[in-house]
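Participant: Residues per chain are reported as follows:
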Amino acid sequence: MNKLAFKDRVLNFYRGRPLTVFGVLVLLAVVGAAGGTFLLVSIIERKHEAQNPFFRVVQLTEDTEDPAIWGKDFPMQYDDYRRTVDQVRTRYGGSEAEERTPTHADPRSVVAQSRIEEDPRLKTIWAGYAFAKDFREERGHAFMLDDQTYTERQQAAKQPGACLNCHASIEVPYTKAGGGDLMKGFEKFNQMPFAEARKLVTHPVACIDCHDPATLQLRITRPGFIEGMRALKASQGVKDYDVNRDATRQEMRSFVCGQCHVEYYFKGPEKRLVYPWQNGLKVEQILSYYDKEQFKDWSHADTGAPVLKAQHPEFELWNQGIHARSGVACADCHMPYKREGALKISDHHVRSPLLNINRACQTCHKWPESELKERAEAIQERTEKMRNLAMDALVELIGDLKAVRTANPTAGPITVAQDFQRKAQFYLDFVEAENSYGFHAPEEALRILGESINFSRKGQLALRPSPEAALQPK
Amino acid sequence: MTAEPRDASVKPPNKTTVLLGIGIALAIGATVGLGSYTFVYAKGGSYLGNDPASCANCHIMQDHLNGWIKSSHRSVATCNDCHTPAGLIPKYLTKAEHGFFHSLAFTTDKFHEPIQITERSRRVTEKACRKCHQDIVHEIDTTNSSGATISCIRCHDCVGH
Numbered sequence: 125m126n127k128l129a130f131k132d133r134v135l136n137f138y139r140g141r142p143l144t145v146f147g148v149l150v151l152l153a154v155v156g157a158a159g160g161t162f163l164l165v166s167i168i169e170r171k172h173e174a175q176n177p178f179f180r181v182v183q184l185t186e187d188t189e190d191p192a193i194w195g196k197d198f199p200m201q202y203d204d205y206r207r208t209v210d211q212v213r214t215r216y217g218g219s220e221a222e223e224r225t226p227t228h229a230d231p232r233s234v235v236a237q238s239r240i241e242e243d244p245r246l247k248t249i250w251a252g253y254a255f256a257k258d259f260r261e262e263r264g265h266a267f268m269l270d271d272q273t274y275t276e277r278q279q280a281a282k283q284p285g286a287c288l289n290c291h292a293s294i295e296v297p298y299t300k301a302g303g304g305d306l307m308k309g310f311e312k313f314n315q316m317p318f319a320e321a322r323k324l325v326t327h328p329v330a331c332i333d334c335h336d337p338a339t340l341q342l343r344i345t346r347p348g349f350i351e352g353m354r355a356l357k358a359s360q361g362v363k364d365y366d367v368n369r370d371a372t373r374q375e376m377r378s379f380v381c382g383q384c385h386v387e388y389y390f391k392g393p394e395k396r397l398v399y400p401w402q403n404g405l406k407v408e409q410i411l412s413y414y415d416k417e418q419f420k421d422w423s424h425a426d427t428g429a430p431v432l433k434a435q436h437p438e439f440e441l442w443n444q445g446i447h448a449r450s451g452v453a454c455a456d457c458h459m460p461y462k463r464e465g466a467l468k469i470s471d472h473h474v475r476s477p478l479l480n481i482n483r484a485c486q487t488c489h490k491w492p493e494s495e496l497k498e499r500a501e502a503i504q505e506r507t508e509k510m511r512n513l514a515m516d517a518l519v520e521l522i523g524d525l526k527a528v529r530t531a532n533p534t535a536g537p538i539t540v541a542q543d544f545q546r547k548a549q550f551y552l553d554f555v556e557a558e559n560s561y562g563f564h565a566p567e568e569a570l571r572i573l574g575e576s577i578n579f580s581r582k583g584q585l586a587l588r589p590s591p592e593a594a595l596q597p598k
Numbered sequence: 038m039t040a041e042p043r044d045a046s047v048k049p050p051n052k053t054t055v056l057l058g059i060g061i062a063l064a065i066g067a068t069v070g071l072g073s074y075t076f077v078y079a080k081g082g083s084y085l086g087n088d089p090a091s092c093a094n095c096h097i098m099q100d101h102l103n104g105w106i107k108s109s110h111r112s113v114a115t116c117n118d119c120h121t122p123a124g125l126i127p128k129y130l131t132k133a134e135h136g137f138f139h140s141l142a143f144t145t146d147k148f149h150e151p152i153q154i155t156e157r158s159r160r161v162t163e164k165a166c167r168k169c170h171q172d173i174v175h176e177i178d179t180t181n182s183s184g185a186t187i188s189c190i191r192c193h194d195c196v197g198h
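For the record, the sequence lines run as chains A and B. For the first sequence, the working numbering gives the first residue as 125, with consecutive numbering after it. For the second sequence, the working numbering gives the first residue as 38, with consecutive numbering after it.
Treat the hints as calculated values from the structure; they're not laboratory data. Check the hints yourself; a few may be wrong.
[Said to hold, decoys possible] With a cut-off of at most 25 Å between alpha-carbon atoms, the simulated BS3-like pairs for lysine-lysine come out as follows: (1) B/Lys107 x A/Lys462; (2) A/Lys420 x A/Lys247; (3) A/Lys468 x B/Lys128; (4) A/Lys462 x B/Lys147; (5) B/Lys147 x A/Lys490; (6) B/Lys164 x B/Lys128; (7) A/Lys490 x B/Lys164.
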């Protein structure tokens, strides 16, 4: 009875409004068909993306210096690469955008915060060296050329063309300058004055500095790294190591970064750019190399000590850490793989992993982002505390040395204390100038800072009268 | 033989009704046809089977498939062995649920990367470990004084991929 009534009701409804019913049913079919088509098109798109990782619209050659041209073939990578103009802070790193009034000599309208104003102890430590004049927080890759061109260090001291090895896209200019020979071009550039060499380069680091234009494979283009690695491998018993021939693909994903994020010096009057790895990559091995070469960056203005300035030794410190030991490359965290549609690409927006924790860390560490961030920051906090202790100790040693020298320039223990300053300063700077605040190798960073404090205090002790002397009646 | 007398209450279909019927049939037919084509084109049938390659059809799982090929479990367990429950009906219900939500997420492009397992799927996987390793795990579970169940994949998170 009920069933019949229901059937009648439906029929009556239909008879009363046949067009409405028709309309609703067609609408349903339209929605269904549209949804189905959307899905189909989406699947087709993804399948095509997966089939063709890129479309070659321009032919890249060894002369293609401009990254915008590479960007035509690799628009996603190029788009990310251009994002290194960002200025973002993490808790302990990253740069702050500061406005400045552009001048004719320095047209920059934005710079990063000054590290020597933030922490004036650095001025004491670097007294007499160009870094005490101007030293700002590093900005992204996009600014490397401008920031080196316009730094006040250029006025404070004569900078060589060798700086451009790592402050510009240099593969093509080297090859041109060397008449087709990269190594000859390198040697020519090293000796040029900065201003002259600057005219020969156009871009900050670009595609061709890391990629072979024919195969897109990673390759090393910096002669200093090629020679440095050969010396390092020779010290480990590997003869005639050629990084472009012998390195694995995963090693290359760190080596291309290690071309520049390393400690280096300009050797001899020809200003040859050398990576001091003959004895190994650890701080004491590098210092022993400099000692043997009797190299100093400058004589300290307050103490006369023959001191060294460590540069960003990221590659060296990372090599002492757990990530390097586990085969994790620089690119795994700083350029993690990401998905664009059905494509997997390396994120060419090179930046701190702390700004990209999900892709950079969570691929291996399956913990919440907040916890991973806390763990990283805990390491950096400890490093910062220890760095501050080491810096105070060094400033105190410099103060003592200065006082003793002023009172008695020929006092016996001055040379000993100067040597301790050289050691303490290089060890401290090895962590201070390194851009991870200890994260790349936490235990090693703390060991180095601990030793630095020890050197500073030993230097101070050397300047004090011995207990026996103090007990002697005057 | 005479034709059965017509029921007087049922009117013969008028022209409107016939046109409506044809229209509806065409619309439904088109939708079903399009749907079937999409199903075949997207290799919908492969999801009913057990081949791990099917899971990478939609590209997101490619890394997981690559990992599985190198993993310790590749010769003893496929994706389904660990990611679907035992029993025909629970297995296909789970497959349907995964299929729907994975398609939705990937089509709309809204999901956390790297992808994360849901709580329900984690429980399925935990049970799957015990399907094969019950003998060993039983000892651990019973000697665990806290009473809480120990998660296998908290430590052994790389065995599958």
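Participant: Taking the hints in turn, state whether each one holds.
Facilitator: We went through each hint and held it up to the structure:
no.	hint	in the structure
1	B/Lys107 x A/Lys462	21 Å, holds
2	A/Lys420 x A/Lys247	18 Å, holds
3	A/Lys468 x B/Lys128	31 Å, violated
4	A/Lys462 x B/Lys147	14 Å, holds
5	B/Lys147 x A/Lys490	20 Å, holds
6	B/Lys164 x B/Lys128	13 Å, holds
7	A/Lys490 x B/Lys164	20 Å, holds
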